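Visitor: First to last, the protein sequences are chains B and L.
Take the first sequence: its position 60, counted from the start at 1, is 60 in the working numbering, and no numbers get skipped.
Take the second sequence: its position 237, counted from the start at 1, is 237 in the working numbering, and no numbers get skipped.
Derived by calculation from the structure, the hints in this document are not laboratory data.
One should not assume that every hint holds.
Covered stretches of chain B (chain L as the covering partner; in silico rule of three or more C-beta atoms under 8 Å from a C-beta of chain L) [to be verified]:
#1 40-53
#2 226-232
For each label pair, taking beta carbons as the anchor points, the in silico distance ranges come out as [what the hints assert, rightly or not]:
#3 B/111 to L/281: 23 to 33 Å
#4 L/192 to B/75: 26 to 36 Å
#5 L/298 to B/249: 40 to 50 Å
#6 B/26 to L/300: 33 to 43 Å
#7 B/159 to L/39: 32 to 42 Å
#8 B/238 to L/237: 19 to 29 Å
#9 B/274 to L/115: 29 to 39 Å
#10 L/232 to B/113: 36 to 46 Å
#11 L/154 to B/95: 49 to 59 Å
These numbers come from a predicted model, not from an experiment.
The beta-carbon is built from N, C-alpha and C at its ideal position, and this holds for glycine as well.
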Amino acid sequence: MKGKKFSIVLMVLLLCDLAWSIRLWSYQWPVEPRILSVFAQGGRGGFERGIHILASGSEVKPIEEGELVFSCLEGSSASLPYPLGSFLVLQHGSNLRSLYAHLEIGNSVLNHEKMIYSKSDVLGKAGLTGATSMGGVSLFVFDLEAKQFVNPFLLLPPVKDASRPIIRDVRLERREKAVSLPTTEIVSRGMWEVTAEVFDLSGAVPTFWPMGVYKVSLYLNGQERFMVTMDTLKEQEGITRVYPSAGLSYDQLYYREGFRIKLGTVNLNPGVLNLEIVARDFVGNEKNQLYRFRVE
Amino acid sequence: MNDKPHRYGFLLYGIILIGYIGFFPLPLGKELLMAVEWICSIDAPVSIAETQGTQLVKEKTTGFVLGKTLGYISDVGDLVYKESVLHAAVVAHRGFINYSAIPEVLVVKDPRGNILSTLKIEGYPFMRKNRLFVLSVDGCGMAEVTLEGEVRWKKDFNQLITSMDAGTTATAIGLWDGTLLLLGPTGEVIFQEKLTQGPYSVIYLSALTKDDRMVGAVFGLKPQRGVLWEKTPAGYRRVRSFQLQSDFRRPIQGLLDADTGRLIIEDSEGISLVSKGEKEDVKISLTERIRVIASSPIDGLFLFCTQQDEGYNIRGITHKGKRVFLKSLPTREPFWFQSEEGAYFVGFSKRIVKYRVVLG
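With the rest of the complex left out, here is chain B:
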């Protein structure tokens, strides 16, 4: 009797899990996910609001069934000259929108012969329209109610990636001095800004192609002093900030170029200190780097 009850409970749990999985992954990748740039990474003068997927010539499909609400053809006289090239915007339900940029769009889509696109419909081909040198598609997801761009990785099925993020060139900096870690020298006490190059390597191309990470934390003697996760981008008082964890603006988080992240200012007290940086990519691969040095 007990065994039977246990089986029923197990069955119900499995069904719930299955339903949850289906709900979670009701979204699909528009093309095979060969990721070149990720959400909220340091971009051209600001946060990247979407992700760019290498997929030249591939058919692009909606992430979920949706209705066409906006389209733009590169070179169209009524349109603004979008660096996004030719693109489409689909509305999913009442709050979510997805945008597919740098497409080659066919006439049937342009003439609005179809308004509702199912997951098997083709929106266009990943192309080279607009400001892109790597043929592919840029995907943006926007929450209308919260007025924020959402990290597409939070909705889409996980991708395969075994490589861990890279943390390098960690520095302690203040006005007239910089100390590179690891160091054998004794660091002066007081306030120091910690910066580091933190990035993940794209597996989409055989060359060195850095891209952003999902989460970065800084621990000092085991205590968390800084943490940022790239979930959403929201405007607050005219400035776009990354949420939910830190609410940092682009200038507060990044140096203008590259993948150098500002990990905050710490007060170093005399003694032996453990400074640890932990970075996690969008798949969940984690890398931690521990530095031990003396402060006097």
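Given chain B's structure and the hints, the job is docking chain L onto it.
Guide: Same frame as chain B, now just chain L:
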């Protein structure tokens, strides 16, 4: 006895007279025509005299972009400068920007090709009513810049900009959540309204008169709607709301004319001229695709460039909606049109033609 035939005779003469007038009406005046002032081939060599010295830079020239060629033509129709377009180009009287698909620096050159300034701003530049703007790489930010390289304002909206227009100092910006913003000379928000139409809140057209007096917008779907606002001492006040037959899911061609206060927009069946008063609205049926809408205050006309399979048409209509001329140009892409102080510059078939509207 003899009266009846006379009566029938008068009746017959009357019918014949009415028929004659009907079939052969007296001309009531001369017709408006587009007369050619000059033709300039863009394949022609650049005028040598024009390329020497800097004095001629001050001479009035007209810039053009036709297909993959940009250039300047003097007031008498000589080609004074040309170069190949990289990805796209913006031309103005005082200079141009020829930019690549991924521009890191925008180089401003004068009409002779000499560098005027450089703009370290990422995005694609464009002109609206002689003001220069740069749309950011992801389409969510915009800056107003000058040809001298000065950034007047720069704003990030964290939303896709779906439409915009410029007045003298104000700038109207439509966002994809249905928000219409009116920015002042330094980019400050001077007016804002959220236009909702069910879940489909996209601004498909933002329009601003050149004197900043009136603002117009078309937004939403099922049905698509429009609004006109007028400036009052207390701010911008809604003066008209209207419903459209269209269901465009793309940017809509439109123009808000300062002289008449009319919003001229493409509709699903042609053109709609929308006024503050509903009774003054005019609909013009057109089967062709509308490419350009322009206003010519000097001639008191609205002009439409339309495209069909056989080529392009330029149509002129009066402010009351009466069709006054039609110029057919049997040409395919590329095509370029610019209206300026009563002159109409049309680029097609590797030539630029300057027209004026005359009575003929």
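Visitor: State for each hint whether it applies.
Guide: How the hints compare with the structure:
no.	hint	verdict
1	40-53	holds (count 7)
2	226-232	violated (count 0)
3	B/111 to L/281: 23 to 33 Å	holds, 27 Å
4	L/192 to B/75: 26 to 36 Å	holds, 31 Å
5	L/298 to B/249: 40 to 50 Å	holds, 49 Å
6	B/26 to L/300: 33 to 43 Å	violated, 58 Å
7	B/159 to L/39: 32 to 42 Å	violated, 58 Å
8	B/238 to L/237: 19 to 29 Å	holds, 26 Å
9	B/274 to L/115: 29 to 39 Å	violated, 54 Å
10	L/232 to B/113: 36 to 46 Å	holds, 44 Å
11	L/154 to B/95: 49 to 59 Å	violated, 29 Å
In this structure, the hints that do not hold are numbers 2, 6, 7, 9, 11, in rising order.
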